[in-house]
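> Residues per chain, in single letters:
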Amino acid sequence: MTQKFVRILAAVAVFATGAAAAAADQLRWGYDLAPFPPWNSRSPAGEWSGFDYDIMEALCTHMQADCEIVEIAWDGMIPALQANKIDIIWTGMSITPQREEVIDFSDRYRRGPAAYIAETEMDLPISVEGFQGKSVGIKKATNFYTYFEHYYGDAATVKLYDTTDDIIADLSSGRLDVAMGDILELQRFLDSPDGDMYEMKGVTPVDPLLGKGAGAGIRQGDTALQDRLNTALKEIRDNGEYDAIAKKYFNFDPYGSD
Amino acid sequence: MSLEFLIRILPEFVTPLWITLSLWLLSLVIGMILAVPIAIAASAGGLVARGLAVIFVTCIRGTPLLVQFYIIYYGIGTLLAQIRWIRKSAIWPILQEAYWYALLALVISCAAYSAEILRGGIRAVPKGEVEAARSLGLHRIHVWRLIVLPRAVRIALPALGGEAVILLKSTVLASTITVMDLLGMANYIRAQTFRDYEPLLVVTVVYVVLTFLLSRLIARIERQKAPA
Amino acid sequence: MDYSQTSFWSLVSFSETGWGWAFVQGAWLTVRISLASYLLGIILGLLGARAKLGGNRTLYWLAEGYTTLIRAIPTLLLIIVLYYTGTRFFDATLNVLGLAGAMTLNGFAAVVFCLGFILGAYMTEVFRGAIQALPPGMDEAARSLALSPVQRFRLVTFPLMMRLALPGLNNLWQSTLKDSSLVSVVGFAELLATGKMVAGETRMYLTFYLFVAVIFLALTLSSNLVFALVARRLDRGFR
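Taken in order, these protein sequences are the chains called A, B and C.
Quick note: to get our numbering, add 429 to the position in the first sequence (first position is 1).
Quick note: to get our numbering, add 396 to the position in the second sequence (first position is 1).
Quick note: to get our numbering, add 1 to the position in the third sequence (first position is 1).
FYI, nobody ran anything at the bench for these hints, they're computed from the structure.
The beta carbon of each residue, even a glycine, is placed where N, CA and C say it ideally should be.
Where hints are given, some of them may not hold.
Below, simulated EDC-like cross-link-like pairs (lysine to aspartate or glutamate); rule was C-alpha separation at most 16 Å, straight line [claimed, not checked]:
#1 B:Lys484 x A:Glu550
#2 A:Lys676 x A:Asp483
#3 A:Lys641 x A:Asp533
#4 A:Lys563 x B:Glu493
#5 A:Lys588 x A:Asp606
#6 A:Lys588 x B:Glu493
#7 B:Lys484 x A:Asp606
#8 A:Lys677 x A:Asp483
#9 A:Lys663 x A:Asp536
Away from chain A, derived, C-beta distances all over 10 Å, residues of chain C [to be verified]:
#10 Glu65
#11 Thr94
#12 Leu98
#13 Gln133
#14 Met139
#15 Leu222
#16 Asn225
#17 Ala229
#18 Ala232
Construct all of the structure, not just a fragment, from the sequences and the given hints.
So, in structure tokens, the structure goes:
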């Protein structure tokens, strides 16, 4: 009876753990668990696509690396990178001085402003007076929060969320007055039928607190990877691959002007 | 790890501590009160009452508390918001606060688990005592109030104490629906400073102290109320 | 995308636009995480019980510290602590051993390590209680047959203890299944994380969280049945 039990346990162990080993020249790219089109989307079958995904594919081809996607909650990205669970933070992490204290970045690969959305009937000037007494939802561990807190933190009540989806859920259930976030992510909500009663109230100006655009986050001192990424990024910027991908999704340049 | 940073963030945890404690105490009291009728229905109710009580207890005990938090906060909360008159009514400010959804989820959970414990206690009450009470001509309600329930509660006391500890630990889930409880505050500090050790250490120590104190308190109550 | 005109059944279908497979994968991952951490928990629990009852004072206090501390801290908090700081500790240990980078914990292993380590503390108490409840005569009889300590454990203590430990083991399996949903918070794409993703995408929050709850209920109820069958087998000869 005991032997049988041990055999069953052993069988369960093998089947439960499966085979998991990391290959030599494999790069693990951290993707935000909550996909947000058009930057990145995931089909029901788990296949990724979108602008970020296409750029990653192009970079991997140029770096001749074997790339793997690891899905991680956004506020766990930096810990996961430091804990060596991924090699690269992808899906749009803005390069800010605060983050640069703990991780390194490649050059930027896209840049866009943040937007504020609220109910159409609400009067919301983008000012300290306008945000007075309003509850504003922002995603955890984003530079949008740093920016907002700095300028309007005393006036508004800030609530932090794991995903933009959760912010939109609370906005549409009236538990939030304003949602702040990536302009394209929020635009997609406004375009949906649920977004009928809401409109964009404004966008953020260029500001050092909003960072220098989004880059690939890498471990501090990983200069070899930094060089490879920057070289590949320059190659696809120069040979037109970047622009071709951008045209697939947008009618403007997501790289942003300098 | 920096002691200076640790001391600097300590004051931030005072309000969250009260939020955690009030969530725990309120859900414990309300949950245990609700558990009584559910346990009675499950052990002595008619077919319908018994069926409903058993289904309620099975569903709550058979699913993760975190899923229940999401169902109540994102599921029901979003649904309520679509009803116009509710958004215009006086209770709307309450419905906007994540705290009340967390409280509701914890109350439901505490009621279901305690009801199951109480049901076991009711079953363990010696039949002779109930018959003796009936033979004295006591009314059904009096038999329950004077004999069965006090006895069942005493029998179930250690398990109910255990439930109180589990409930205290369950309050951390409130942080997943934007409540600024102890863990909520720790996550907030982590997200803003990128420092993991210090805020998490504070919350961990607070919970260890709280569960230790609570266990001592429960042990004392058990000694006083233990069936002779 | 507008999902307001789409029926629930087509959203959870296995077609190209349905999330059927995503849910199957999520549920399968939930089962795998639970099984693997349960197994690790059983091993740690047996070691812990042995340490508590073995008579060695150092081992006793180590095990006592482990069970007291782990059981005093909320599981969600422990998962966050172990997941983010535990793996750094793991890497540091490899560094000290001169094996830096020789092994990395992948997400699955890290999650299983966290849940199993937590579960081990609860398992220790279940096994300790069960072993203590065995009549001392059993062990004495085994000794008088000149069985080695390993044989005594394998042939006498273990099978007899399992019967007594079964209700506790069933309880812990149920909580493992349910607690595995907590790893969605560190971004592991198990069943609840899948539900969260689909709920956010379709904005049908109530529907999909209820759907996730139903799948969990099916898992807990069906495993209850398995435990009842095992209990009947182990009870043979006792009634």
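> All hints are to be evaluated individually against the structure, with a verdict given for each.
So, going through the hints one by one against the coordinates:
1. B:Lys484 x A:Glu550: holds (15 Å)
2. A:Lys676 x A:Asp483: holds (12 Å)
3. A:Lys641 x A:Asp533: holds (13 Å)
4. A:Lys563 x B:Glu493: Given that 16 Å is the threshold and the Cα spacing comes to 14 Å, the pair holds.
5. A:Lys588 x A:Asp606: Holds - the C-alpha atoms of Asp606 (chain A) and Lys588 (chain A) are around 11 Å apart, at most 16 Å.
6. A:Lys588 x B:Glu493: holds (11 Å)
7. B:Lys484 x A:Asp606: holds (15 Å)
8. A:Lys677 x A:Asp483: holds (10 Å)
9. A:Lys663 x A:Asp536: Measuring from Cα to Cα gives roughly 9 Å; hence the hint holds.
10. Glu65: Non-interface label on Glu65 (chain C) holds, nearest chain A Cβ at 26 Å vs cutoff 10 Å.
11. Thr94: The assertion about Thr94 (chain C) holds, with a minimum of 13 Å to chain A.
12. Leu98: Nearest chain A Cβ is 16 Å from Leu98 (chain C), so the label holds.
13. Gln133: holds (20 Å)
14. Met139: holds (15 Å)
15. Leu222: holds (20 Å)
16. Asn225: Asn225 (chain C) is indeed farther than 10 Å from all Cβ atoms of chain A, at 18 Å.
17. Ala229: holds (17 Å)
18. Ala232: holds (14 Å)
In summary, the structure agrees with every hint in the numbered list given earlier.
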